[in-house]
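Student: Now for the letters of each chain:
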Amino acid sequence: MEAEIKKICHQSGCKILEGGSCLESIDVTKDECPHFYADSQNDDVKDENSNDQTKQSTSIKLFTGRELSFNETSIITNRYDSKLIAIVGESKSGKTTLLAEYYINLQKQPIKEYYFAGSMTQTGFEERCFYATVGSKAKKPDTGRTQSREFSFLHLALKHKDELDKEPTHFLISDIWGERFREAKGSTALMQELTILKAADFVLFIIDGEKIATKATRALTIEEAKTFIQKALDENIFDSNTNLKVAVSKWDFLHSDSSFDFADKIKRVFKERFESRLGKIEFTKLAARSENASLEAGYGLYELLKSWKTENINERISDTPEIKQSSSRAFYKYSLPNA
Amino acid sequence: MNTNRILFAGMYDSGKTTFIAALWAYVNSDKKDKHLKLNTLANSENEYLDMIRAEWLQCKKVTRTNLNKTENVKMNLLNESNSENVILEIPDISGELFSNHFQTREWTSEYDSLVNQINGILLFINPNDKKNRTNFIADSLEIEKELGGTPENNENVNFATWSEEQTSNQVKLVETLQFIEARKDIVTPIKVSVMVSRWDLIEEKECPSPEKWLQTNMPLLYQYLKCNTNYFKPSYFGVSAQGCDYDNQDDVDKMLEVEPFERPFIRLENEVIKDLTAPIIWLTEK
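Residue numbers (our numbering), protein chains in the order written: chain B, 18 to 356; chain V, 2 to 287.
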């Protein structure tokens, strides 16, 4: 008798098996949901006749390759020290494109001295990179919109070329629907749902450079960015442990624009207002894909990666005595009461 | 007696079966000073091996009859240097299976057992396969720009839908190795002979070393291998199991005039050798 494989949802909070609807509104009957699958711990999958001695081929489940939910990141954090990076920014600001471009660059060559050492989420990367490939039939590189309302994470392991015999650095980089951030800046309840940001080793706050380049939306875009950070600080989502990097994306739109002073309008203003309440605040310009001939594609990506790779998290945490860690292992670090 | 189970991994049409056919012909041949030679045909099912060898000897493209079936190949050989009996167990697996693993994210318990028993991996790559790496639009646009073309936008584009089939071979091969690493208890690194097949076509043109070829043409896989020497110990070989392109009748006619064991060759870092067993010997050395 053929065993009926009963699938379960591995995403926390999803009520699909309790007669509710899928958390992400996915039709699970079409095998489209990355979280809805059988696993070896699911006792219900065992065939009632499994005691018979007939040698039958059974399937061994392999890792899904898709993006990981916060709970699923334990498959990495239980094994390795990891760095959790939360990318924050409104829809279409370039969060997913940044992720995709790191993986695209590694498919062509190392990112300067950083070598690809593996990824448990290659399928997740492949999907996100698809509209940048000739196979998608797109005429210019694009990125599909992230639909997930929950934080999901992509995994990337990298090694320095001179340290190939050492353990790689494991990055877990978030990807989430930008609308969550737009909503959270105006709602205490929604902001407090973003507790994962408290666990992040690095928070990258992306401001859409294309919107800054348009004079009609420039002031609004900058004000909204300030509002988000202010709200996150006032709701204790950001605090003196937060290592924040403010990035203006799509810098190719601003590269030749003399009417915008990055040092004055972004660096000075954000520093004056927020520096004293944060662990660290830094600034950068990014152009993951450049349409400006005078600015190379991938501008700023290497420097950003290098800062994540080289900064020692433990040193940073030891500077803030109010955080007591029982272990340096990421498993403990990422265990959140409300995650 | 040493039993060595070797996994021949690689995508469809990467040269796995042709190599097995050439290897069977080679160990059976009368060539002097072979490192590995046939020990005995006793207690072995050699029908499949003889069938693919027959095609190879006639310079015909070696084909698998059943893409879904794994042919269990066993060779009982003798290592001439130490007179040790070497049993090679080489399941001839269709390249489709490796793509299926990537797509379905599962494999059978039989395959899982095999993975847990292997001593080494021969990882085959067809250098002419256009799917070895992904074509990115940005790179095409660069070329187009140099030719004076004007970039178009994405309005009115009928986008294709993503599926696992669109994934490049280098990503799938990295995943194959990651699956093995995830399922196998690796105490000492597994040796991986990276076999860039159809090397005669590369040797004619540019002649980099096989390692350099991989670094240039499949950089993601190369980086992965460089970074994971605690799990996988790679060595790089260019292999021409056929000796020439069978679509070129003049080359085939020339090839039919030489001893079959003289046809194939292996490109090492700095030299070309006629010993087809070199990648196997390296894998089985302690």
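By construction, these hints were calculated from the structure, which means they are not laboratory data.
Please note that the accuracy of each hint is not assured.
[As the list claims (entries may be wrong)] Taking lysine-lysine pairs in the BS3-like style, the calculated list, with each CA pair at most 25 Å apart, reads:
id, chain 1, residue 1, chain 2, residue 2
1, V, K61, V, K75
2, V, K75, B, K178
3, V, K75, V, K132
4, B, K183, V, K234
5, B, K109, B, K284
6, V, K131, B, K125
7, V, K146, B, K154
8, V, K206, B, K157
9, B, K202, B, K125
Bear in mind the structure is a predicted one, so any value in this text is a computation, not a measurement.
Student: Taking the hints in turn, state whether each one holds.
Tutor: Against the structure, the hints:
no. : hint            : result
1   : V/K61 / V/K75   : holds (23 Å)
2   : V/K75 / B/K178  : violated (40 Å)
3   : V/K75 / V/K132  : violated (31 Å)
4   : B/K183 / V/K234 : holds (15 Å)
5   : B/K109 / B/K284 : holds (22 Å)
6   : V/K131 / B/K125 : holds (15 Å)
7   : V/K146 / B/K154 : holds (18 Å)
8   : V/K206 / B/K157 : violated (33 Å)
9   : B/K202 / B/K125 : violated (38 Å)
The structure fails to meet hints 2, 3, 8 and 9 from the earlier list, while all remaining hints are met.
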